[in-house]
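K.L.:
Sequence:
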Amino acid sequence: MSSNFIFNEIDKDIENGIYLADEIKTRFPPEPNGYLHVGHAKALYINFAVKEKYNATTYLRYDDTNPAKEDIEYTEAIQEDIAWLGFKWDQLLFASDYFETMYEHAIELINKGLAFIDDQTSEEIRSSRGSLVEKGTESPWRNRSIEDNLKLFREMREGKHEAGSRVLRAKIDMSSPNMNMRDPVLYRILFESHPHTNDEWCIYPMYDYAHPIEDAIEKITHSLCSMEYEDHRPLYDWVLDNIDAYKEKRPRQIEFARLAIKGALTSKRNLKKLVDNNIVDGWDDPRLYTLRGLRRRGVSAQAIRNFCAAVGVAKANSEIPREQLDYYVREDLGKTAKRIMAVVNPLKLTVTNYPEGQIEILDVPNDTSDPDSETRQVAFGRDLYIEADDFEQNPPKGYHRLYPGNEVRLMGAYFVKCTGAVVDADGNVLEVLCEYDPETKSGSGFTARKVKGTIHWVESTTALPIETRQLGELLDPEKPSGDVLERLNSSSLERLDSFAEKSLEAANPSDTFQFVRLGYYCADSTPGVGGKMAFNRTVELKSTWKPEKA
RNA sequence: AGGGGUAUAGCCAAGUCGGUAAGGCAACGGAUUUUGAUUCCGUCAUGCGUAGGUUCGAGUCCUGCUACCCCUGCCA
9 MSSNFIFNEI DKDIENGIYL ADEIKTRFPP EPNGYLHVGH AKALYINFAV KEKYNATTYL
69 RYDDTNPAKE DIEYTEAIQE DIAWLGFKWD QLLFASDYFE TMYEHAIELI NKGLAFIDDQ
129 TSEEIRSSRG SLVEKGTESP WRNRSIEDNL KLFREMREGK HEAGSRVLRA KIDMSSPNMN
189 MRDPVLYRIL FESHPHTNDE WCIYPMYDYA HPIEDAIEKI THSLCSMEYE DHRPLYDWVL
249 DNIDAYKEKR PRQIEFARLA IKGALTSKRN LKKLVDNNIV DGWDDPRLYT LRGLRRRGVS
309 AQAIRNFCAA VGVAKANSEI PREQLDYYVR EDLGKTAKRI MAVVNPLKLT VTNYPEGQIE
369 ILDVPNDTSD PDSETRQVAF GRDLYIEADD FEQNPPKGYH RLYPGNEVRL MGAYFVKCTG
429 AVVDADGNVL EVLCEYDPET KSGSGFTARK VKGTIHWVES TTALPIETRQ LGELLDPEKP
489 SGDVLERLNS SSLERLDSFA EKSLEAANPS DTFQFVRLGY YCADSTPGVG GKMAFNRTVE
549 LKSTWKPEKA
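In our numbering, each number is its position in the first sequence, counted from 1, plus 8.
One should not assume that every hint holds.
As the list claims (entries may be wrong) - The list that follows gives simulated cross-link-like pairs (lysine-lysine, DSS-like), each with its CA atoms no further than 27 Å apart:
{"no.": "1", "residue 1": "270", "residue 2": "281"}
{"no.": "2", "residue 1": "77", "residue 2": "168"}
{"no.": "3", "residue 1": "255", "residue 2": "20"}
{"no.": "4", "residue 1": "276", "residue 2": "323"}
{"no.": "5", "residue 1": "356", "residue 2": "227"}
{"no.": "6", "residue 1": "59", "residue 2": "255"}
{"no.": "7", "residue 1": "227", "residue 2": "20"}
{"no.": "8", "residue 1": "20", "residue 2": "77"}
{"no.": "9", "residue 1": "179", "residue 2": "257"}
{"no.": "10", "residue 1": "255", "residue 2": "356"}
{"no.": "11", "residue 1": "356", "residue 2": "425"}
{"no.": "12", "residue 1": "449", "residue 2": "460"}
{"no.": "13", "residue 1": "356", "residue 2": "59"}
Claimed, not checked - Label-pair restraints from in silico Cβ distances:
{"no.": "14", "residue 1": "238", "residue 2": "30", "range": "43 to 53 Å"}
{"no.": "15", "residue 1": "455", "residue 2": "380", "range": "33 to 43 Å"}
{"no.": "16", "residue 1": "290", "residue 2": "159", "range": "47 to 57 Å"}
{"no.": "17", "residue 1": "277", "residue 2": "378", "range": "27 to 37 Å"}
{"no.": "18", "residue 1": "413", "residue 2": "447", "range": "16 to 26 Å"}
{"no.": "19", "residue 1": "183", "residue 2": "81", "range": "36 to 46 Å"}
{"no.": "20", "residue 1": "328", "residue 2": "109", "range": "36 to 46 Å"}
{"no.": "21", "residue 1": "121", "residue 2": "332", "range": "46 to 56 Å"}
{"no.": "22", "residue 1": "131", "residue 2": "81", "range": "30 to 40 Å"}
{"no.": "23", "residue 1": "447", "residue 2": "61", "range": "52 to 62 Å"}
{"no.": "24", "residue 1": "343", "residue 2": "255", "range": "47 to 57 Å"}
{"no.": "25", "residue 1": "470", "residue 2": "408", "range": "23 to 33 Å"}
{"no.": "26", "residue 1": "366", "residue 2": "460", "range": "21 to 31 Å"}
The hints are simulated quantities; they were obtained by calculation from the structure and are not laboratory data.
Don't be surprised by glycine CBs; every beta carbon is placed ideally from N, CA and C.
Work out the full structure: start from the sequences and follow the hints.
P.N.:
This is the structure in C-alpha cells:
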C-alpha cells in the first residue's frame, strides 16, 4: 500500500462537495526545455495515479510561456518518454494556445485597477522589491491611469516597445512578507520566435499569471506541483480570484516533495551541461537518470512506476538511495526478462574429456526459478569461456566456484571438475582445464552428489559478440533479443569505460561529488558478481565535476 | 517585518474522531535452490526532533524551543 496524501486531499474535496467525484482532472505541465528524468517520473506517476484512482482526466500540457528557453526538439522527446513510461494522457495541449485569452484577462485586470505598466528597468524592479526582511517600495508608475495602462499594454502587444522597456505588473502589495505578492510581473516583452505560436506574439505571460489560467481553462481540479511553488499559491489564487470567469469552481494547487535519488543528477541545467560538454554520451547516456538514460541502461518502465509507487508521495524532503530503485528493477526484470548467459571477462575453459569438434545442443530453461519455464537451445562443446573471476588458483576461504580439484555445475549443462590450469611465465592464467561427468547432465535428475557452485559459460565457437549499446536493450521487452548465445568480450565495455575516463578528466580533484554510476543489466550474470540478472557489473565513479548551483 | 514548509528506525513512509507505532527498501538469522540470485520463514521503534502542559490515555491536542528545506528571475 503506497502512501499518497494527495488522495486524502481529493477525497476531502469530494466529501465537501467542492468537486464532483467524476470530474477530477489533473495535468502534467512540463516546459519543453529539456529531457525528462526520474524526478518527472514521480510527477507523472502522481498525476496518473489520480487518473487511475478517480477515473479522472489527465492532460499533457506544455507550459510553453517562455520562447527564449524552449525548443520543439523537446516536445517530441517528452511525449516519447511519457509514452515509454506507460502513461496515456487524454489530450495534448499547449499553454500558448491560450495566449489570446490570457491577454484579454490581463486587460480585465488593468480595467479593475489591479495591474499596471511599469517602465522601470529590471534592475530597478529588483532593487525596489525589497529583501526578505525589508518591505519593497512601490513603483513610481503604479498609479498610472487605466487608460494609459490599456494603451501601453496594447502597444506592447503591437511591438511598439523594446524588449525589457516595460512590463505588466500586478498591483498587490509591496510590503507583503511573501515576495511573490510584491507586484509580480505578469507580462514581459520578448521578441523571440515561439516554437508553437511562431511570431504571433512579442509579449509573453509569466508562469505565475499563466499557470492558474491554464488550469482554469482546462477545468483542472487539482493542480499538482512541487513544494517550491507553495509560496506561489497565494498568487495562483489571487489571479483566479480577480478574473470573473474563474471565480467559481477553480482549480486547487497542491504541492508535494520532489523525488531525489542520492547521487543522481536531476537538474536540467546540469544535465544539459554534461551533454553539451560531451562529458556524457548524450541525453540517453546510461549513467544519467534521464528516462532515456535509464531505458538505455535496461531499466524497465514498470520498474520505474513500481518504484514511484513504493516511494510514495509526501511533503518532506527526502533522498532515496539508488539501491531502492535497483530493487524494483531487479524485481521486474526477474519476472519479465529473457535470460541468456553472457561472459564479460572471458577465460578459456577446456573440457578435456569432451570429444574435440563435437557440439551438442542443450535445452536450457530460461528461468531456473520457474519449473514451467520455457527452454532455449544452447550449444555446448569442448572449448568454452567462463568468467575470469569464476576461477581461482588459490581460492579464498568460502569460495565455491572453480579451483583445482573442485567441482561445479556449468549452468544448464554438466558438472565439471577442475583438473588444472595453463599458466604463463608471469603467473597469468591462460586456460583452465576440467573434466565433465556425462551423468550429471542438466535435467537428468542426477542427485548422487552435489556441488556448491554453479557458473555461467559460453561455447567459444558459437558465442556472439554483443555491442555495448545493446547491453541495456537486451532485456527491453519491446526489443527482444533473439539470440540463443551471447558473449560479451571485454572490448564491449570499452565505450562505457571511456565515459568514466572523460568524467574523471573533467574532474576537479577537490570535489568528490558523485554524479554517476555506471551499471547495466544483462540477462545472465556471473555468479558472485551480483546475481541473476541485474548489476552484473557495476562501476562506481567518483567525479570531480561539480554541478553548479542554480 | 520576514514569510512559507518539513521533522516517525540506516533510507522512504502510513498513522482522518486522542485508544496503546502499517508497509516497502536496507540489514541480520534460518529453510529451499541447477545462478552466492530468486522464493520462503523469522528478527529489526516501550519509540514518533526537543522541553514542558492538558488527559484515565498523546505520534495525534496546547505552549516554548531546535534542526533542515524553499522564497528577493522581465525562469518554470
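K.L.:
Each hint needs a verdict: does it hold in this structure or not?
P.N.:
Going down the list of hints, with the structure as the test:
1. The suggested pairing of residue 270 with residue 281 holds, with an alpha-carbon distance near 19 Å, which does not exceed 27 Å.
2. Proposed proximity of residue 77 and residue 168 is supported: the alpha carbons are some 23 Å apart, at most 27 Å.
3. Pair hint residue 255 plus residue 20 holds up; C-alpha atoms about 20 Å apart against a cutoff of 27 Å.
4. Under the criterion of a C-alpha separation no larger than 27 Å, the hint pairing residue 276 with residue 323 is consistent with the structure, at around 22 Å.
5. A distance of roughly 66 Å separates the Cα atoms of residue 356 and residue 227; the hinted pair therefore is violated under the 27 Å criterion.
6. Between residue 59 and residue 255 the CA atoms are separated by roughly 25 Å; this keeps the pair inside 27 Å, and the hint holds.
7. For the suggested pair residue 227 and residue 20, the alpha carbons sit about 18 Å apart, so the restraint of at most 27 Å is met.
8. Using a Cα cut-off of 27 Å, the hinted pair residue 20 and residue 77 is violated, with the two alpha carbons roughly 38 Å apart.
9. Using a Cα cut-off of 27 Å, the hinted pair residue 179 and residue 257 holds, with the two alpha carbons roughly 24 Å apart.
10. Of the supplied pair hints, the one linking residue 255 and residue 356 is violated, its CA atoms being roughly 76 Å apart against a limit of 27 Å.
11. A hinted pair counts as satisfied when its Cα atoms are at most 27 Å apart, and residue 356 with residue 425 qualifies at roughly 15 Å.
12. Between residue 449 and residue 460 the alpha-carbon distance is near 16 Å, which keeps this suggested pair within the 27 Å criterion.
13. Under the criterion of a C-alpha separation no larger than 27 Å, the hint pairing residue 356 with residue 59 is inconsistent with the structure, at around 55 Å.
14. For residue 238 and residue 30, the Cβ-Cβ distance of about 29 Å falls outside the hinted range of 43 to 53 Å, so the restraint is violated.
15. Distance hint check for residue 455 and residue 380: the Cβ-Cβ separation is about 21 Å, which falls outside the suggested range of 33 to 43 Å.
16. Separation of residue 290 from residue 159 is about 50 Å and conforms to the stated range, judged on CB atoms against 47 to 57 Å.
17. With their beta carbons about 46 Å apart, residue 277 and residue 378 fall outside the hinted range of 27 to 37 Å.
18. Hint check: residue 413 to residue 447, Cβ distance near 19 Å, so the stated range 16 to 26 Å holds.
19. For residue 183 and residue 81, the hinted distance range of 36 to 46 Å is satisfied, since their beta carbons lie about 43 Å from each other.
20. Taking the beta carbon of each, residue 328 and residue 109 are about 40 Å apart, inside 36 to 46 Å as hinted.
21. For the pair residue 121 and residue 332, the supplied restraint of 46 to 56 Å holds, since their beta-carbon distance comes to about 53 Å.
22. A C-beta distance of roughly 33 Å is found between residue 131 and residue 81, which places it inside the suggested range of 30 to 40 Å.
23. Between residue 447 and residue 61 the beta carbons are some 57 Å apart, a value that agrees with the proposed interval 52 to 62 Å.
24. Against the hinted window of 47 to 57 Å, the Cβ-Cβ separation of residue 343 and residue 255 comes to about 51 Å, which satisfies the hint.
25. Between residue 470 and residue 408 the beta carbon distance is about 28 Å. The supplied range of 23 to 33 Å therefore holds.
26. Restraint check, residue 366 to residue 460: a C-beta distance of roughly 28 Å satisfies the suggested window 21 to 31 Å.
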